[in-house]
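**Q** The residues making up each chain are set out below.
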Amino acid sequence: MSDAYVQRDAALFAPIAQTGRGFYFTLVVLGIAILWGAVAYWTQFEQGLGVTGLQQPVSWGFYVTNFVFFIGISHAGTLISAILRLSKAEWRRPITRMAEVITVMVLFIGAGQILVDLGRPDRMLNVILYGRYQSPLLWDATSISTYLTASTLYLWLPLIPDIAILRDHLGKRRFLYSVLAMGWTGTERQQKILNRAIAIMAVLVIPIAISVHTVVSFVFSMTIQPAWHSSIFGPYFVAGAIFSGIAALIVAMAIIRRIYRLQAYLKPIHFRYLGHLLLVMTLLWFYLTFAEYLTGYYGNGPEEMKVFWSKFTGRFWPTFWAMAVCNFVIPMIFLVRLRHHAVGKTVVASVAVVIGMWLERFNIIVPTLSNPRLPFPDAIYWPTWIEWGETAGSFGLFILFYVLFVKFFPVISIWEIREGREVGLREVEERLLSYLPDGTEPEPARDHTRVLR
Amino acid sequence: MNGRPSTFDRAVRACQLAIAALTVFFVGSIVVWIAHLIRTAWRLDDVPSASIGISLVAIPVFLVLLGVIVSVFWGLLTERRTR
Numbered sequence: 000m001s002d003a004y005v006q007r008d009a010a011l012f013a014p015i016a017q018t019g020r021g022f023y024f025t026l027v028v029l030g031i032a033i034l035w036g037a038v039a040y041w042t043q044f045e046q047g048l049g050v051t052g053l054q055q056p057v058s059w060g061f062y063v064t065n066f067v068f069f070i071g072i073s074h075a076g077t078l079i080s081a082i083l084r085l086s087k088a089e090w091r092r093p094i095t096r097m098a099e100v101i102t103v104m105v106l107f108i109g110a111g112q113i114l115v116d117l118g119r120p121d122r123m124l125n126v127i128l129y130g131r132y133q134s135p136l137l138w139d140a141t142s143i144s145t146y147l148t149a150s151t152l153y154l155w156l157p158l159i160p161d162i163a164i165l166r167d168h169l170g171k172r173r174f175l176y177s178v179l180a181m182g183w184t185g186t187e188r189q190q191k192i193l194n195r196a197i198a199i200m201a202v203l204v205i206p207i208a209i210s211v212h213t214v215v216s217f218v219f220s221m222t223i224q225p226a227w228h229s230s231i232f233g234p235y236f237v238a239g240a241i242f243s244g245i246a247a248l249i250v251a252m253a254i255i256r257r258i259y260r261l262q263a264y265l266k267p268i269h270f271r272y273l274g275h276l277l278l279v280m281t282l283l284w285f286y287l288t289f290a291e292y293l294t295g296y297y298g299n300g301p302e303e304m305k306v307f308w309s310k311f312t313g314r315f316w317p318t319f320w321a322m323a324v325c326n327f328v329i330p331m332i333f334l335v336r337l338r339h340h341a342v343g344k345t346v347v348a349s350v351a352v353v354i355g356m357w358l359e360r361f362n363i364i365v366p367t368l369s370n371p372r373l374p375f376p377d378a379i380y381w382p383t384w385i386e387w388g389e390t391a392g393s394f395g396l397f398i399l400f401y402v403l404f405v406k407f408f409p410v411i412s413i414w415e416i417r418e419g420r421e422v423g424l425r426e427v428e429e430r431l432l433s434y435l436p437d438g439t440e441p442e443p444a445r446d447h448t449r450v451l452r
Numbered sequence: 000m001n002g003r004p005s006t007f008d009r010a011v012r013a014c015q016l017a018i019a020a021l022t023v024f025f026v027g028s029i030v031v032w033i034a035h036l037i038r039t040a041w042r043l044d045d046v047p048s049a050s051i052g053i054s055l056v057a058i059p060v061f062l063v064l065l066g067v068i069v070s071v072f073w074g075l076l077t078e079r080r081t082r
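As given, the protein sequences belong to chains A and B, one line each in that order.
Residue 132 in numbering that gives the first Met the number 0 sits at position 133 of the first sequence; the count goes up by one each step and never skips.
Residue 22 in numbering that gives the first Met the number 0 sits at position 23 of the second sequence; the count goes up by one each step and never skips.
Read the hints as simulated data drawn from the structure, not as lab findings.
Only some residues are given here: those of chain A computed to face chain B with a beta carbon under 10 Å:
# : residue
1 : Val178
2 : Lys191
3 : Ile192
According to the in silico footprint, chain A covers these stretches of chain B (three or more CB under 8 Å from chain A):
# : segment
4 : 13 to 26
5 : 38 to 51
6 : 55 to 65
7 : 70 to 76
One side only, chain B facing chain A, incomplete, derived with CB under 10 Å:
#  : residue
8  : Phe7
9  : Asp8
10 : Ala10
11 : Ile29
12 : Trp32
13 : Ile33
14 : His35
From a predicted model like this one, the values you see are computed outputs, not experimental measurements.
Each residue gets a CB set at the ideal place from its N, CA and C atoms; glycine is no exception.
My request is simple: use the sequences and hints to build the entire structure.
**A** Written as structure tokens, this is what we have:
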């Protein structure tokens with residue numbers, strides 16, 4: 000690779016090569032949030048779950064809400080990236096890496112929520128030694144570990160050529176980059192191996208991602224609790240996960256674009272296209288939510304209706320209607336017309352969706368547990384500073400992981416941008432011609448000889 | 000120049016092999032764990048069909064992941080040696 004390429008994409012190296020005061024300030028702010036979370040967890044570990052707002056029958060509160068939320072956000076990445084990669088959507092090039100990083104980081108945080116939720120984390124060993132596969136909780140453990148492995152691999156594989164570029168041109172952290180580049184020199188054989196592996200992973204990761212959130216939904220729907228025992232919970236959770244994932248990706252893109260001045264790479268058109276996807280998911284989410292609630296309402300089961308009315312007009316109306324506004328009203332207002340101010344509009348809608356989807360997870364979990372089928376006395380769940388601290392710490396940790404990734408690795412794929420310039424333009428033209436009545440099919444073998452040096 | 004790898008190159012190589020071994024060990028231990036759960040369910044006659052059903056999906060997926068990992072490690076690392 001010539002230095003001209005490095006010069007041309009110097010903006011992509013800048014976050015790694017230079018460290019401003021803002022970076023350290025961010026670390027301090029995140030450090031405070033993480034410290035709060037650590038103190039909260041230590042208090043809970045020492046004194047037990049009694050220091051939280053959790054009680055019988057509401058034994059799942061913020062922690063499981065965070066778990067479902069973070070696992071949902073993880074669909075940002077791999078799923079969106081894989082689908083765009085397989086469908087050869089050329090506009091994907093600057094955004095796939097960002098999406099893949101979100102996936103891996105939030106999966107760690109999401110899986111960690113289960114450990115936080117355990118009053119006796121030392122008993123986790125029993126799950127490993129004597130776990131029973133009849134329990135959907137163990138299905139979850141299996142599918143999440145599959146997804147985490149696959150997503151990490153899917154993040155690392157397309158990163159290899161970029162790590163090699165850093166090894167050869169950055170002039171620092173050479174040992175780290177040399178190790179992770181795995182001897183990449185961009186030979187034709189290496190390209191073939193890597194392209195094949197990326198293609199396999201892109202196909203494999205889609206069913207894995209879908210299975211993960213379906214299995215997360217099974218944790219609820221396999222019980223006969225009111226408002227949980229639903230056959231559409233699988234698709235409902237998957238759609239919600241993709242919905243929140245796209246929103247999280249847009250927020251991450253907007254922040255990175257602004258902080259690292261990457262406006263030349265992350266253009267309004269990227270936000271517009273993702274905004275259109277988000278609008279489609281808004282409508283799909285509304286459709287599934289409507290179907291879910293209408294079915295429960297029409298059945299008119301006494302336990303089901305207690306949960307139903309507690310959300311619509313009862314104790315949980317503020318979180319329920321805030322969810323409806325954030326997930327439907329705001330996105331509809333801001334996403335319908337994206338011709339102008341696409342960045343600002345999609346970011347407003349996305350922030351609303353991220354908040355709304357967290358509320359949705361809360362609205363699924365807490366109202367049902369507050370109105371169980373069994374005759375428990377009335378219970379009101381109100382989180383203590385422990386749960387707020389854990390939540391702040393979890394978000395802080397996720398952002399910290401992300402910030403550190405951006406500090407060490409290119410958050411926009413350098414080789415994919417270069418490939419877009421050198422090969423993509425020609426490929427798109429050929430593909431377009433092949434779609435037309437008088438066009439010819441491009442040879443499939445071409446995909447295996449792309450430029451990845 | 001005598002063509003022998005430097006200390007830096009040897010250290011890099013050692014770390015790469017360690018990462019490859021750890022990855023294979025990680026994925027391999029998950030497969031072993033799932034097999035252990037089937038064995039436990041079978042031994043206790045505790046609905047082994049659930050364990051077998053899930054493992055029929057999970058183990059092949061992990062084996063495919065293992066295959067991808069090994070092929071990438073093997074392909075990239077041996078390419079460097081043959082250069």
